[in-house]
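All chains, please: the whole structure from these sequences, using the hints.
The lines below spell out each chain.
2 protein chains.
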Amino acid sequence: MSNQQATLDQKSVTAARMLGVEMIEASHSGHPGIVLDAAPMAYTLFEYHMRFNPKQPKWINRDRFVLSAGHGSALLYSLLHLNGFDLTVDDLKAFRQMGSKTPGHPEYGWTPGVDASTGPLGQGLGMAVGMAIAEKHLAAQCNRPGMPVIDHYTYALAGDGDLMEGISQEALDIAGNLQLNKLIVLYDSNDVSLDGPLSMSTHDNVEQRVKAASWNYERVEDGNDLAQIDAALWRAKRSDKPTLIEVKTVIGYGAPKQGTNKVHGTPVGQDGLAILKEKFDWHEPSFTVPQAVYDHFQELVAAKEKQYQRWLEIWASYQQQYPQLAAQLMNDEFKLSDDALNYQPGEKIATRLVCDDALQEIARQNPMFWGGAADLASSNKTLLKKDDNFAADNPLGRNLRFGVREFGMAAALNGITLHGGTRAFGSTFLVFSDYLKGAVRLAALMKIPTAFVFSHDSLAVGEDGPTHEPVEQLAALRSMPGVDVYRPADANETIASWQVIGKTTDRPSVIVTSRQGLPVLAAAKHAPVERGAYILAPAQTNHPAGILIASGSEVSLALQARERLAKEGIDVQVVSMPCQERFLRQSKQYQEMVLPPRLDKRLAIEMGSSMCWHRFVGLNGMVMGVDEFGTSAPGEQVIEKFGFTPERVAAAFKQTA
Amino acid sequence: MSNQQATLDQKSVTAARMLGVEMIEASHSGHPGIVLDAAPMAYTLFEYHMRFNPKQPKWINRDRFVLSAGHGSALLYSLLHLNGFDLTVDDLKAFRQMGSKTPGHPEYGWTPGVDASTGPLGQGLGMAVGMAIAEKHLAAQCNRPGMPVIDHYTYALAGDGDLMEGISQEALDIAGNLQLNKLIVLYDSNDVSLDGPLSMSTHDNVEQRVKAASWNYERVEDGNDLAQIDAALWRAKRSDKPTLIEVKTVIGYGAPKQGTNKVHGTPVGQDGLAILKEKFDWHEPSFTVPQAVYDHFQELVAAKEKQYQRWLEIWASYQQQYPQLAAQLMNDEFKLSDDALNYQPGEKIATRLVCDDALQEIARQNPMFWGGAADLASSNKTLLKKDDNFAADNPLGRNLRFGVREFGMAAALNGITLHGGTRAFGSTFLVFSDYLKGAVRLAALMKIPTAFVFSHDSLAVGEDGPTHEPVEQLAALRSMPGVDVYRPADANETIASWQVIGKTTDRPSVIVTSRQGLPVLAAAKHAPVERGAYILAPAQTNHPAGILIASGSEVSLALQARERLAKEGIDVQVVSMPCQERFLRQSKQYQEMVLPPRLDKRLAIEMGSSMCWHRFVGLNGMVMGVDEFGTSAPGEQVIEKFGFTPERVAAAFKQTA
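Protein chains in written order, with numbering that gives the first Met the number 0: chain L, 0 to 656; chain S, 0 to 656.
Don't read these hints as lab results, they were simulated from the structure.
The structure displayed is predicted, hence computed values, not measured ones.
Each residue gets a CB set at the ideal place from its N, CA and C atoms; glycine is no exception.
Do not take every clue at face value.
[Said to hold, decoys possible] Pair ranges (Cβ atoms, derived):
{"hint": "1", "chain 1": "S", "residue 1": "GLY268", "chain 2": "L", "residue 2": "LYS640", "range": "25 to 31 Å"}
{"hint": "2", "chain 1": "S", "residue 1": "ALA650", "chain 2": "L", "residue 2": "GLN343", "range": "50 to 56 Å"}
{"hint": "3", "chain 1": "L", "residue 1": "ASP280", "chain 2": "S", "residue 2": "GLY516", "range": "40 to 46 Å"}
{"hint": "4", "chain 1": "S", "residue 1": "TYR589", "chain 2": "L", "residue 2": "GLN269", "range": "52 to 58 Å"}
{"hint": "5", "chain 1": "S", "residue 1": "ASP221", "chain 2": "L", "residue 2": "THR259", "range": "49 to 55 Å"}
Okay, here's the thing in structure tokens:
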């Protein structure tokens with residue numbers, strides 16, 4: 000490195016630091032601590048290691064970068080700006096302001112160059128693991144001799160907070176087991192967290208811990224030493240394991256309160272800014288970067304753009320020679336033609352078993368479809384039977400074995416989905432969706448189509464008892480914006496749900512399936528699941544008494560109750576509502592066709608929290624739900640004890656106002 | 000150990016094994032794998048190490064035992080039976096049957112001798128950590144020379160699944176940091192999980208991992224060797240650190256499919272039972288234990304009962320000499336006299352700051368009250384300012400520093416609460432309640448009064464953006480059975496909420512507080528928060544137009560809208576509903592007094608998922624909620640953007656049917 004180069008590097012790091020703290024000053028809000036301490040490592044990574052093209056921020060073979068410590072957004076934005084991404088000085092000035100491109104935490108799909116939404120700690124690490132999984136799989140599946148169309152690294156920058164979160168351990172273990180050698184984590188190790196010195200709450204030895212998870216460990220003693228950081232990154236790239244580089248830093252480096260939690264989340268103030276300028280020998284007006292620094296970045300980026308051009312050439316030949324694979328890589332839908340899937344009306348089959356059939360067909364019809372389970376594949380029925388396990392030595396495998404790590408699984412699935420090129424699902428019991436809820440939320444925020452399969456969807460779980468019987472999980476998932484929750488009534492609705500999920504690319508989907516057998520309903524064949532709800536059994540007369548609304552296993556129960564009521568001369572129509580969210584997005588006209596306002600004698604039936612159903616029944620209606628915990632006994636007995644029998648449903652309908 | 004003793008020990012272990020598998024056979028449901036492999040370690044622990052009294056299963060100074068691998072319930076029940084707890088052979092025969100004392104997973108408060116409900120993996124470890132924290136604190140706080148009234152160990156039995164869960168890492172770190180040397184975990188290391196060999200999903204080196212967390216590690220090579228297990232337990236007790244004993248076992252030991260996942264969760268069958276009987280030289284009819292074995296257990300328990308008698312003697316003198324401390328140890332309520340807490344109507348103060356004041360007062364008035372945060376004490380405002388940190392070398396401290404470990408914190412809080420002798424709270428941002436939801440659920444299932452404090456309760460979080468702005472979290476928590484969620488409208492309701500929480504001993508409580516200042520409402524002074532909702536501002540006429548219902552920060556908004564409507568001649572009453580759950584438990588009469596059925600023109604207002612409010616407004620009413628994610632901008636601007644202004648509320652009311 001020449002002297003001039005070294006000077007430019009230092010000035011560039013200072014530019015990133017100063018822009019970052021100036022953004023925070025301007026908005027009176029943000030986290031200067033990490034901006035000041037992590038700028039050198041982020042700069043070295045971006046400029047001397049990462050491959051990207053600021054003009055093509057979605058290039059599929061770019062190196063991925065996940066700022067797991069999402070509160071360092073100001074640092075990321077300043078680097079994106081300096082590297083020529085579509086982020087102007089005005090955008091930087093609008094940091095954390097309404098509608099700006101520079102929100103408080105990085106938002107995927109909103110700011111060019113942001114590869115994942117982060118902020119909820121630990122999840123960034125999980126997503127980076129998923130991206131590295133996707134890269135390894137796609138490289139094995141798609142690359143051809145001389146045509147490494149997928150060949151990139153995944154980087155993450157994590158802080159102490161990330162590593163304290165339990166999900167970090169799950170991510171470490173998953174990556175270690177799979178030997179994801181192209182995953183490199185920079186650990187901003189500054190010994191301070193929000194509430195004070197790290198020693199108050201942790202004595203974790205990170206080196207020992209990551210080695211225990213079969214990772215390579217590298218250490219940089221001085222987080223301001225670009226050469227040390229650079230060397231560690233080179234060693235990491237040569238390792239045959241995933242690498243964590245512990246970079247020792249001083250939080251808020253250069254600020255008056257450096258080294259303390261006072262500089263973590265509070266702007267440094269005008270005085271602090273003056274001291275920083277002095278310290279870093281920086282004499283520019285606010286938000287001003289010398290042209291020489293801009294030029295330096297441009298030069299570095301020009302080299303990256305050449306790498307992109309080389310890839311484009313390969314890609315052009317690849318598209319010619321392997322048009323199918325090329326199309327597959329760019330596809331984000333999967334299809335399910337159901338010719339081979341037939342269920343006889345009257346037959347009883349658990350929807351988890353139908354889900355199993357559907358998954359086999361989807362896997363057969365879509366080579367880009369894969370997924371796994373949190374050690375419950377055998378119960379969830381989500382093993383792709385014709386495929387092997389994805390493993391360190393078998394990157395072509397399509398069954399992901401996440402272990403009992405629900406949250407880590409879900410974050411990794413989000414990472415796989417973010418990477419692009421495949422569609423992925425993950426499964427566990429519905430009751431354990433509690434463990435991974437934070438990742439469903441992030442998928443919804445990012446508007447990405449991760450698919451979650453949750454089996455054992457009600458009290459019918461039975462013997463395992465209340466810890467394993469979901470009650471409130473459906474309400475929790477349905478109350479979340481931006482996610483569609485499907486609870487199919489039978490085999491036909493299960494198939495239809497998967498068909499809709501395949502075509503859905505702008506949000507995550509959750510499908511919940513039954514443990515117990517459910518009758519196949521003739522009327523549900525090719526059900527309009529995409530509309531969320533429909534009249535499954537119409538009224539017999541022009542003056543029906545009311546409506547039974549149900550989902551999942553309670554739909555056939557509603558049909559039985561309808562028959563019983565019919566014998567008493569009470570005519571009701573039955574509405575199956577497999578997906579509330581989709582129904583609520585339909586036109587008012589459609590909604591009122593399915594639920595005519597004049598029919599306000601309504602009973603909603605679902606073995607779960609009643610909260611979700613009141614909006615459909617109103618004050619004159621009733622909900623037969625479950626607002627207490629279940630009990631341990633054979634499933635049918637539990638169902639009966641909680642009153643989910645045709646007699647009780649019929650009686651309840653008669654009680655509605 | 001004499002030969003006779005050794006033979007009796009072996010027979011006793013066999014008795015535990017056989018009862019366990021017979022229970023599973025009888026119910027055709029359960030997990031024989033762990034019963035067969037972990038019986039020797041559980042037996043050695045219970046008989047040769049643990050102090051308990053089967054006649055006094057709630058003895059406060061008993062050693063605690065948490066079966067973190069809760070699917071091993073059959074083993075626990077058989078040991079409890081053999082040790083003379085109130086659990087008959089008939090109870091064992093009714094394993095997993097309706098209403099039996101032997102449900103599918105251990106249930107605290109239901110089966111004598113069960114110290115914690117377990118099943119959702121990993122949480123048992125967290126609860127054991129909490130119990131050990133409570134023991135350490137109470138020993139320091141309450142013991143007096145010659146009177147060690149609190150002096151016991153906490154044991155947990157964990158499996159591979161527990162250790163794969165991220166929460167296990169959080170628990171390890173918390174315990175290691177606090178050097179909880181009286182916490183001992185038996186790790187049933189059988190290399191198999193539900194879906195197959197552990198090697199599919201993990202290469203974690205547990206020894207290295209626990210040492211990284213400052214634990215002592217012991218190893219038993221042969222899980223059938225009682226002497227080895229016994230020796231390891233003795234070494235563990237002498238360590239100055241928490242200890243994990245890795246006991247190598249063969250899953251389903253003795254059964255035809257031993258060593259494979261086929262024996263994890265499927266009964267062994269009559270053939271398997273015959274083979275087991277052969278293998279263990281056991282010739283008893285089903286559910287039959289030789290008298291000699293019962294006698295052996297009785298002898299061992301007699302010695303334990305003597306220990307209990309000695310403690311009783313100490314306790315008697317202690318009660319005389321330190322009546323206050325003794326009463327404190329047996330108390331499970333805390334009080335809050337609010338003489339010192341006065342807020343001026345009109346003044347604006349964030350409820351998180353009022354919560355801060357309340358916590359200082361509660362801590363002053365109740366020495367048994369304590370708590371901590373997941374590294375957000377400074378933001379949640381939950382530091383007990385006159386107290387030190389609870390630390391390895393300062394067990395008297397009352398501020399628990401959990402680090403960024405929400406789930407581990409919540410499970411530990413449950414463990415502290417289960418232990419008894421104190422009341423504990425824990426805090427984080429409302430949006431991160433997602434990370435610990437599973438532990439709130441377990442607290443609700445166990446009916447224990449853990450208190451959760453979640454600040455930053457709405458979009459008003461502002462600049463941090465949608466990842467940090469809760470939307471659906473209130474709905475998720477409210478849909479959960481058995482937990483009361485308080486969202487106080489102002490300072491007065493905040494104080495009243497804490498007073499109610501102090502008196503609540505049969506369920507967990509959640510209190511959510513605002514980041515932003517809220518006007519102090521004169522009419523809310525001594526509000527009847529225990530009733531969940533009340534008329535804060537009555538109608539002015541006998542024919543009001545309708546009702547505005549709100550919680551938290553939206554209550555003062557509703558009052559402003561009411562004024563605005565009044566100017567237009569529209570008379571509405573305002574109902575403040577700080578706790579939906581409590582309101583729903585009131586008499587129909589009270590409910591209809593607050594929400595008269597004839598007034599069906601209703602508008603509910605809350606900056607969160609609308610789902611929770613439809614039950615109160617019906618089809619003729621409306622909910623002003625938030626059913627999309629928030630945005631990053633200053634809080635007041637976000638509030639305005641989402642329409643939470645007096646004008647918009649008034650306009651919305653006029654639009655209701």
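We went through each hint and held it up to the structure:
no., hint, in the structure
1, S:GLY268 <-> L:LYS640: 25 to 31 Å, "holds (29 Å)"
2, S:ALA650 <-> L:GLN343: 50 to 56 Å, "holds (55 Å)"
3, L:ASP280 <-> S:GLY516: 40 to 46 Å, "holds (42 Å)"
4, S:TYR589 <-> L:GLN269: 52 to 58 Å, "holds (56 Å)"
5, S:ASP221 <-> L:THR259: 49 to 55 Å, "holds (51 Å)"
Every hint from the earlier list agrees with this structure, and none is contradicted.
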